[in-house]
Amino acid sequence: MKCKTLIIIALLLSACRTPQQIFNSESIIKSSDTLYIERTPPVHDTLYIPLPAVHTGSAPCDSLCQQQLTDALSRLATAKHSSGNSYGIYYDKYRQQLVLYQQLQEQLNSRQRSTVSTQQTVVQTQKIPVPYTPLYTKILAWIGAAAVGYLIFRISKLIK
317 MKCKTLIIIA LLLSACRTPQ QIFNSESIIK SSDTLYIERT PPVHDTLYIP
367 LPAVHTGSAP CDSLCQQQLT DALSRLATAK HSSGNSYGIY YDKYRQQLVL
417 YQQLQEQLNS RQRSTVSTQQ TVVQTQKIPV PYTPLYTKIL AWIGAAAVGY
467 LIFRISKLIK
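Be aware that the sequence shown starts at 317, since it is given in our numbering, and climbs by one per residue.
Because the hints were derived from the structure by calculation, they are not lab data.
Accuracy of the hints is not assured; some may be wrong.
[Unchecked claim] Just the calculated beta-carbon pair ranges, DEER-fashion: (1) Thr-362 <-> Gln-384: 38 to 46 angstroms; (2) Leu-351 <-> Gln-421: 20 to 28 angstroms; (3) Tyr-406 <-> Thr-372: 22 to 30 angstroms; (4) Leu-380 <-> Ile-353: 14 to 22 angstroms; (5) Arg-429 <-> Val-370: 55 to 63 angstroms; (6) Pro-358 <-> Lys-409: 23 to 31 angstroms; (7) Lys-409 <-> Thr-372: 19 to 27 angstroms; (8) Cys-381 <-> Pro-358: 50 to 58 angstroms; (9) Thr-431 <-> Ile-353: 12 to 20 angstroms; (10) Thr-356 <-> Arg-411: 53 to 61 angstroms.
[Claimed, not checked] As a list, the in silico DSS-like pairs of lysine-lysine whose alpha-carbon atoms are at most 27 angstroms apart: (11) Lys-476 <-> Lys-318; (12) Lys-409 <-> Lys-396; (13) Lys-443 <-> Lys-320; (14) Lys-454 <-> Lys-443; (15) Lys-320 <-> Lys-454; (16) Lys-473 <-> Lys-320; (17) Lys-443 <-> Lys-318.
Backbone N, C-alpha and C define an ideal beta-carbon position, used for all residues, glycine too.
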């Protein structure tokens with residue numbers, strides 16, 4: 317029992333302490349967000365397709381075929397309108413041509429690009445130094461520890 321107590325006291329008195337380390341870590345995050353907007357101008361487009369007269373070699377057949385073709389094409393008139401845009405086709409019998417048209421309003425196209433990246437990571441390790449202790453303080457501490465050890469030894473002898 318007495319031997320164990322002395323060993324424990326000796327270990328406690330001679331224990332070493334490691335210096336503490338501090339870790340500082342910083343991350344710098346760089347992010348960019350870009351929005352591209354493209355404007356297309358309004359488009360007014362017309363296509364004229366001239367239709368030649370029908371020639372089969374026989375005059376009565378030519379006039380009859382031309383009459384039927386003109387009647388069929390004059391019924392061809394269609395148009396579509398939606399939100400400022402319009403499309404259509406019709407037959408102009410005086411000029412004898414097929415007309416296709418479209419009118420598109422200005423349009424906006426947008427693209428968004430987002431980039432996030434880590435630019436730099438800084439890790440610093442610092443050692444906190446053990447504070448300076450003068451030599452005479454260390455000597456006095458050892459003498460005090462020896463005195464406490466001796467007192468414990470004497471008290472344990474008296475108790476037995």
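Comparing the hints with the structure gives:
1. Checked against the hint of 38 to 46 angstroms, the pair Thr-362 and Gln-384 fails, with Cβ atoms roughly 27 angstroms apart.
2. One distance hint, 20 to 28 angstroms for the beta-carbon pair Leu-351 and Gln-421, holds here, with the actual separation near 22 angstroms.
3. Hint check: Tyr-406 to Thr-372, Cβ distance near 26 angstroms, so the stated range 22 to 30 angstroms holds.
4. Taking 14 to 22 angstroms as the suggested C-beta distance range, the pair Leu-380 and Ile-353 does not conform, at roughly 58 angstroms.
5. Distance hint for Arg-429 and Val-370: a CB-CB separation of about 58 angstroms, consistent with the stated range 55 to 63 angstroms.
6. Between Pro-358 and Lys-409 the CB atoms are about 30 angstroms apart, so this pair conforms to the stated range of 23 to 31 angstroms.
7. Separation of Lys-409 from Thr-372 is about 20 angstroms and conforms to the stated range, judged on CB atoms against 19 to 27 angstroms.
8. Taking 50 to 58 angstroms as the suggested C-beta distance range, the pair Cys-381 and Pro-358 does not conform, at roughly 41 angstroms.
9. As the Cβ distance of Thr-431 to Ile-353 is approximately 18 angstroms, the hint placing it in 12 to 20 angstroms holds.
10. About 31 angstroms separates the C-beta atoms of Thr-356 and Arg-411, a value inconsistent with the hinted range of 53 to 61 angstroms.
11. A C-alpha spacing of about 11 angstroms is found between Lys-476 and Lys-318, which places the hinted pair at or below 27 angstroms, so the restraint holds.
12. Distance hint between Lys-409 and Lys-396 is fulfilled; the C-alpha atoms sit about 21 angstroms from each other, no more than 27 angstroms.
13. Proximity of Lys-443 to Lys-320 is assessed by CA-CA distance (about 35 angstroms); at most 27 angstroms being required, the pair is judged violated.
14. The suggested pairing of Lys-454 with Lys-443 holds, with an alpha-carbon distance near 23 angstroms, which does not exceed 27 angstroms.
15. Using a Cα cut-off of 27 angstroms, the hinted pair Lys-320 and Lys-454 holds, with the two alpha carbons roughly 25 angstroms apart.
16. A threshold of 27 angstroms between alpha carbons decides the hint, and for Lys-473 with Lys-320 the separation of about 15 angstroms falls inside it, so the pair holds.
17. As the CA atoms of Lys-443 and Lys-318 are separated by approximately 39 angstroms, the hinted pair breaks the 27 angstroms bound.
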